[in-house]
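Peer 1: Sequences listed follow chains R and C, in order.
Take any residue in the first sequence, count from 1 to its spot, add 352: that is its number in this note's numbering.
Take any residue in the second sequence, count from 1 to its spot, add 1000: that is its number in this note's numbering.
What the hints contain is simulated information worked out from the structure, not anything from laboratory work.
Certain hints may be false.
[Unchecked claim] Here are the simulated lysine-lysine pairs, DSS-like style, with alpha carbons at most 27 Å apart: (1) R:K578 x C:K1261; (2) C:K1167 x R:K559; (3) R:K551 x C:K1117; (4) R:K466 x C:K1117; (5) R:K559 x C:K1237; (6) C:K1221 x R:K503; (7) C:K1110 x R:K543; (8) C:K1097 x R:K503; (9) C:K1167 x R:K466.
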Amino acid sequence: MSVNGVLVCGEITREGDIDSITLELLSIGRRLAESSGEKLIVALFGDGIGKAAEEVAYYGADMVYKVESPLLEGLNVDIWVEAVDGLYREIQPKILLMGQTATGMDIAPRLAFKLNTPLTTDCTDLNVDAEDGLLLRTKPVYGGNVSGVFKYQEEPQFVTVRTKAFEPVERGSAKCEIIPFNPDIDRSMIKVESIERVKEEVVELDKAEVIVAAGRGIEEPENLEKLQELLDLLKRYFDSGEIGCSRPLVDQGWLSSPHQVGLTGQKVAPQLYIAIGISGASQHVAGISGAKKVVAINKSSEAPIFKIADYGVVGEYEETLPAFKQKLEEIL
Amino acid sequence: MSELKIIVCIKKIPDPEAPPKAVSIDSEAKRVTFTGVAPMINPFDENALEAAIRLKEANGGYITVLSLGEKKSKQVLSKAFAVGIDKLILINDANLKDLDSYSRAYVLSKAIERIGKYDIIFTGRQAGDWDSGQTGLLLAEFLQIPSINLVRSVEVEDGELIVKKVKPDGYEVAKTKIPALITASNEIGELRYVSVKQLIEARKEPVDIWNDDDLGLDQQKLRRLGIVDLYKPEIEKECYFVEGESPQEKGENLAILLVEKDSVISA
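Pulled out of the complex, with its shape left as it was, chain R reads as follows (with noise of 0.2 Å):
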């Protein structure tokens, strides 16, 4: 007998850990649960994921499932949908919720054509119809100047969900049961062959608790350094921090991609966030609305990033930063 419910795909860090998007998926998956009468189940998928299967076990699921397969170690999209799909079959989930992720974006559409209902991608906020038990499904449209909601009738009602878009839900201290399974799948599945993966650099956005970004009003690719040199009197007072910027520096080569903050980059959830020189465009924008503090620098002051900072600064960053890090290291 299938057990139904709301399904959350977890992630798992490469180092093996729970991936916050899990907890927060579980967040909202509650919310779900609950407004529809339902189970709430995660699943965790990989190999050797015990450690982190017991764990995510503490964080209000009423079940965990232990997908656990060789084939499943590295990121083979083509396996993946297999497990996914193998599960779905088993546990037949009225709703089924992914994490707009690197590994959410490969798996999440390919999965919906298998399964065969509409699949709404990188929602912000999800609720469940009344009237009819349906998923209302939130999501900014046209570069975030919209939002839409979006309903279907098909089962299951699969999205997947913005990072950063809800709290991460807290460990609890009751634990609920796992359960293996054993997902059919076999090397004859792999269309697309993994040959090698490069690790370039690997830049902490998403954890970070301060970070300083860098927009075209920089001018040039040499005054990175200068923002480097804020970041790093900054993260005295702060556990964390990194370098991020606006799509243009990436495409300019300027920084790699994983600095990149927006909608195609890295969500973002700092104590603070200083942007410098970035003009606001809402594809930098989307990926800073979890930002506690904005602080913009900019010499236009009709650049749109003023209506999303909370403290905005107009004039020549050149000549505000010295005297601005001079200040901080005088007071505290």
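The hints should help you fit chain C onto chain R, whose structure is shown.
Peer 2: Chain C alone, transformed into the frame defined by chain R:
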């Protein structure tokens, strides 16, 4: 190997960087309307076009561009001729409006079956209107060919595609047999520069128009966007502009604000 047969799927959209004030909503018709916003080729589709042109330059080839949209898209789409494509097909039918990603992929797949033999299909990773990021991957499923998402470089070698795929901390080198589909990410590079003169010349090129009947579509497979509501989000904050006689003084005052008034930064 004979020359590569490449198909690029592109879409006309309103400029995704349009200022909020240029965007309004007709809640009755559940439609977004734009004032004074230039239509353009979806930027990620331009990345896909650039990748296709580079492959053609390196290996020789024939590029067909395919688009599903309104008749007046023609002028915007014809820019593709200016960068060196060979053929442009526009699928246009009143019956094919407001389709969801699944159905758009279905219609494109039927058009591709009609085109016939192909080696590589390119799409952008997502389009700046609904930002769904599904059409390319779904198209590959309809055609039952392998697909690779979020690609930043492409090479063809002995009937195989070798790509670099964007990963959060770097990239993955992956390969697959052709025919295959690739979705282009912006890291692949911007579309080359086109002069106004080239643009005007490009508009004279013939565009093939195909409709619903030409494709023999199964009407059951046409799903509409399930829009319940559209609204403009309230994201604006009240920005406090830091005062000061000079940029230096503003910098100092900002430090005082963040430390003493707001305690965002503390020792």
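Peer 1: Run every hint past the structure and note whether it holds.
Peer 2: Structure-based check of each hint:
1. R:K578 x C:K1261: holds, 26 Å
2. C:K1167 x R:K559: Holds, at roughly 17 Å.
3. R:K551 x C:K1117: This hinted pair is violated, its Cα atoms lying about 37 Å apart.
4. R:K466 x C:K1117: holds, 25 Å
5. R:K559 x C:K1237: holds, 24 Å
6. C:K1221 x R:K503: holds, 18 Å
7. C:K1110 x R:K543: holds, 23 Å
8. C:K1097 x R:K503: holds, 18 Å
9. C:K1167 x R:K466: holds, 24 Å
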